[in-house]
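Undergrad: Chain F is fixed; fit chain U onto it per the hints.
Next come the chains, spelled out residue by residue.
Protein chains: 2
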Amino acid sequence: MTYCVAVSVKAGIVFCSDSRTNAGVDQISTYRKMHRFGRDGDRQFVILSAGNLATTQAVINQIKNDIQENAFTNIFNVPNMDSAAEYLGQVSLAQQSKYNLGSTIYEANFIIGGQIMGKPHRVMMVYPQGNYITTSKDTPYLQIGESKYGKPILDRIIEPGTTLDTAVLCALVSMDSTMRSNLTVGPPIDVCVYEADQLMQGRYFRLLQDSDYLRDLKRAWDERLKDAFRSLPPIQWDTMWDPDKDQAGS
Amino acid sequence: MTYCVAVSVKAGIVFCSDSRTNAGVDQISTYRKMHRFGRDGDRQFVILSAGNLATTQAVINQIKNDIQENAFTNIFNVPNMDSAAEYLGQVSLAQQSKYNLGSTIYEANFIIGGQIMGKPHRVMMVYPQGNYITTSKDTPYLQIGESKYGKPILDRIIEPGTTLDTAVLCALVSMDSTMRSNLTVGPPIDVCVYEADQLMQGRYFRLLQDSDYLRDLKRAWDERLKDAFRSLPPIQWDTMWDPDKDQAGS
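One line per chain: the protein sequences are F and U, in this order.
FYI, in my numbering the residues of the first sequence are 1 to 250.
FYI, in my numbering the residues of the second sequence are 1 to 250.
Isolated chain F (complex conformation):
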């Protein structure tokens, strides 16, 4: 399994991904799921991948090859982010169809985010079927993989005006919640922060399994969350309504 999230705010885009892959519980490996492509001053992309590892690796390889061979369509010559997402969807479909012989489907999901000179920065999620969606003011983030455990904190914190530092922290808390509840999501954690209109490779860092920061964040969030829970008003039993005892009260 995998968990990747991209948060798009006015100030830029935060990307965060785990690195655990598994084919059964005894075949667990570490692969980077964050891939960066860019030409300084012209365009910058980050691609996050989830799903079948053979498919995602083949897709990333073809994107690289298309750049090197200066293919008619490649992410260094697409005119805008929509075209980049559409191109990614086509590459993904082409790779999946190569091995689509039996009933097994080697699907993959991608998030692509970034900016092309003169255009706004954007994030899209590309489905295995090749089509894609983008973020909105109401939904300023996109997730792929094991997305449910880490969704509540994003829903509560992220809005278009959120700062990049807060978005990084929130993405890491979202990742922490996911890792706590799903063993197949795990470190190293890759983080990339693209600042709007810079058109330069964003800040990137990696948190390893034994990272002090990851351990401190995990502990701090656990403590803060427990404090928050303990500070909730206790149940007032006498105000609770039992419809079975109160026939008049419906």
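All clues stand as given, with none of them false.
Identical copies go unnamed one by one, so any copy, or any two together, can satisfy a pair.
Okay, derived cross-link-like pairs now, DMTMM-like style, lysine to aspartate or glutamate, Cα gap no bigger than 20 Å in a straight line:
no., residue 1, residue 2
1, 245, 40
2, 137, 165
3, 226, 216
4, 137, 82
5, 226, 165
6, 245, 195
7, 119, 42
8, 226, 159
9, 98, 66
10, 64, 244
11, 119, 195
12, 226, 138
13, 119, 82
14, 119, 86
15, 64, 40
For the record, the hints were derived by calculation from the structure and aren't laboratory data.
TA: For chain U alone, coordinates are given in the frame of chain F:
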């Protein structure tokens, strides 16, 4: 969809369920998913249900009929909680197989918890296949339905020594997180608290859509969670490791 959770601690069992059912987004109804059966001084059960509504209603009806007709096996004469869970699994399988003509499967999941005189209180989850699992010291709760959004807070708070009041509050926070992220889980919320060794019907209450308590809890938890997030230590960029810039540092 549905969300039901049962928390089993030393002091007793807390049951919590939503009431929304849907067959497509424009066919949304309200049905109680919590069913109580008991004979004071002898045994008490609460059954929570998720899945196909026709199946769950048929199962609950058969359990009632078996009691009324004093069937050879019914939940008023099973010797222990394991037998109760096994009986529930058999009833569920029988009802599913009645309509299992095409490829569509009308599956249902159940949680059954309670106590029989002279035995400890216990909780089991019954799979659509009829088999079942129970709780443990490490996993003192069981969920059915849309379980992921509400799992993290249970993992952090619930342990065998947790009080019943705290377990109720935690179940409600878990329910709130689920309702916030999934539209198909919604009020009224049913809560039942069975106190260990009482063998009397537990305390029961229902929170409606416009419940003051539900609204206050939702707001309080949202505020506390945001406060908790804001109190996290900020990212220290200078301590973050970029493996691409630090060839020596792996």
